[in-house]
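These protein sequences, in sequence, are chains A and B.
Numbering follows this note's numbering, in which position 137 of the first sequence is assigned residue number 1467; successive positions increment by one, without gaps.
Numbering follows this note's numbering, in which position 34 of the second sequence is assigned residue number 114; successive positions increment by one, without gaps.
Take these hints with a grain of salt, some might be off.
[To be verified] Pairs of lysine to aspartate or glutamate residues, derived as EDC-like cross-links and limited to a Cα-Cα distance of at most 20 Å, are as follows: (1) 1500(A) - 1410(A); (2) 369(B) - 1422(A); (3) 1360(A) - 1422(A); (4) 373(B) - 1463(A); (5) 1412(A) - 266(B); (6) 380(B) - 1472(A).
[Unchecked claim] Derived, one-sided and incomplete: chain A residues facing chain B with beta-carbon distance under 10 Å: (7) 1414; (8) 1423; (9) 1444; (10) 1477; (11) 1490.
Worth flagging that the hints you see were computed from the coordinates, not collected in a lab.
For each residue, glycine too, the CB sits at the ideal point set by N, CA and C.
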Amino acid sequence: MTGPMVKAETVCKNFGALKVLKGITLEVPKGEVLVLVGPSGSGKSTFLRCINHLETVNAGRLYVDGELVGYHERGGKLHEMKPRDVAKQRRDVGMVFQHFNLFPHRTALGNVLEAPVHVKGVNKKEATDRARDLLVQVGLEDKATAYPAQLSGGQQQRVAIARALAMNPKLMLFDEPTSALDPELVGEVLEVMKKLASEGMTMVVVTHEMGFAREVANELVFMDAGVVVERGVPRDVLSNPQHERTKAFLSKVL
Amino acid sequence: MTVVDSSPSTGPAAIDAIPLRHPWRWTAAVVIIILVGLFLYGVATNPTYRWPIFFEYLFNERILLGVWNTLQLTVYSMLLAIVIGVLLSVMRLSPNPVMKSVSWVYLWLFRGTPIYVQLAFWGLIPTIYANIQLGIPFGPSFFHLNLQSLSIPFLLATLGLALNEAAYMAEIIRAGISSVPEGQAEASTALGMSWGMTMRRTVLPQAMRVIIPPTGNEVISMLKTTSLVTAVPYAFDLYSIATREIAARTFEPVALLLVASAWYLAVTSILMVGQYYLERYYSRGASRKLTTKQLEALAKAQMGEPHP
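So here's chain A without its partners, still in its complex pose (with noise of 0.2 Å):
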């Protein structure tokens, strides 16, 4: 298909009465890096984890690579799609996270099997070649044997996208995955981050690293309080911002 990988139609989601997202409307084409910025409360991570299923859409649709997110449309009626069913289209969409939520009791080669092995059914000796490949292009081949705790946040966040590039997904999304690192161990996780939008990765990165917008990213997203504000090519954004709103954020970020 030659659609977007991810297309929304005014999104909107609402945790009881509090309305977290107000009608969010983007695409992100295949191949391109979208960058989503914003003040915390904006709904940012809320948008993410809607494009996962992770928290459920209240109004609006939302597609990943042409189909429809949760639900089957048949005959222009919604229907709850069966667990099994979301579990098979989230395993098309890697996920990393600000904490890494990396799997304490396994180590870095136990993390990035877990998935391949148990849930698509890979045979062992294959799935483990690949885990230390994808240990090696994230610069982590000789800690295979670590255990997270034995590890410093750029490692476990390494290791946490090579787990979630285990599954092959065609998506990648990113929420916040450096906002719990120490400034030193940020750019290690970036670097990874660069190489993959390099080499073609649909990537949505939920982020305050403006210098990694302006440089990866194919188009920069800002939101406040559950709405689109302003949107473009990132230097342009940040160079020269429209809205009033986003020329307060971005005077104290940047």
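Starting from the structure of chain A, add chain B where the hints point.
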């Protein structure tokens, strides 16, 4: 700017300090040893303890049978309790409201009534339900079983202990599951795992670290709770044989209570060793402290030796 030479060619001498002295620890230890020694001397020389009888019955055939039966009761009922406990706690935490309610009612009932009463009821089941029929209500019957014709006190005792214990195990397991951070289930879900697989592969193994210590407690407690099966009535566990069967006949309650205690203590000690190894297994990855093996490898790397 100065450049600091950090090569450790001639480092400072290793510290060789005089250790801190602890005179009061020594004093306390001596006092305790003297008191314990006096007590043991009294126990050994007091004729009412009947030590010869104690040794005569320690490895008595009937006593050994009692130990064996008690062990079986403990192991079978505990295993059953853990399986049912896992089911109950997973049901309690599941998104399905029917499962949640069933689990809650079970807990309410089995935790809310005394184990002794429950065991007595299990003993009465063949009286209350003399016949079991399987079929369509008010219609034909396909299967028929007369409970009163069976002699099943051991089975009933095991069931009674297990179903009661399951309620407590369910709460222990639920506490363990709740102790696993939410992000773990989220990461598993994001990788495409089902709810069941997330429980089995991610959540339960991590919950084990929290579950095992109280479960060890429950096993040891169960070992001794088996002495209540006399309510069923089942009469061949260690306590029943030592007191009701032998002591009642020989009029030697003190010596035989000591025999029973010695065996309970011995089995408990063995169980504690098992618990130690289980805890060690499930705590892997929990600490950032390196294992002996990893430390050796790092030390070797530091010395410039090649990897093994």
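Checked hints:
1. 1500(A) - 1410(A): At roughly 23 Å apart (the allowed maximum being 20 Å), residue 1410(A) and residue 1500(A) break the hint.
2. 369(B) - 1422(A): 36 Å, violated
3. 1360(A) - 1422(A): Holds - the C-alpha atoms of residue 1422(A) and residue 1360(A) are around 14 Å apart, at most 20 Å.
4. 373(B) - 1463(A): 25 Å, violated
5. 1412(A) - 266(B): Answer holds: residue 1412(A) to residue 266(B) is near 18 Å, not above 20 Å.
6. 380(B) - 1472(A): 15 Å, holds
7. 1414: 7 Å, holds
8. 1423: 8 Å, holds
9. 1444: 7 Å, holds
10. 1477: At about 4 Å, which falls below the 10 Å cut-off, the nearest Cβ of chain B leaves the hint on residue 1477(A) intact, so it holds.
11. 1490: At about 8 Å, which falls below the 10 Å cut-off, the nearest Cβ of chain B leaves the hint on residue 1490(A) intact, so it holds.
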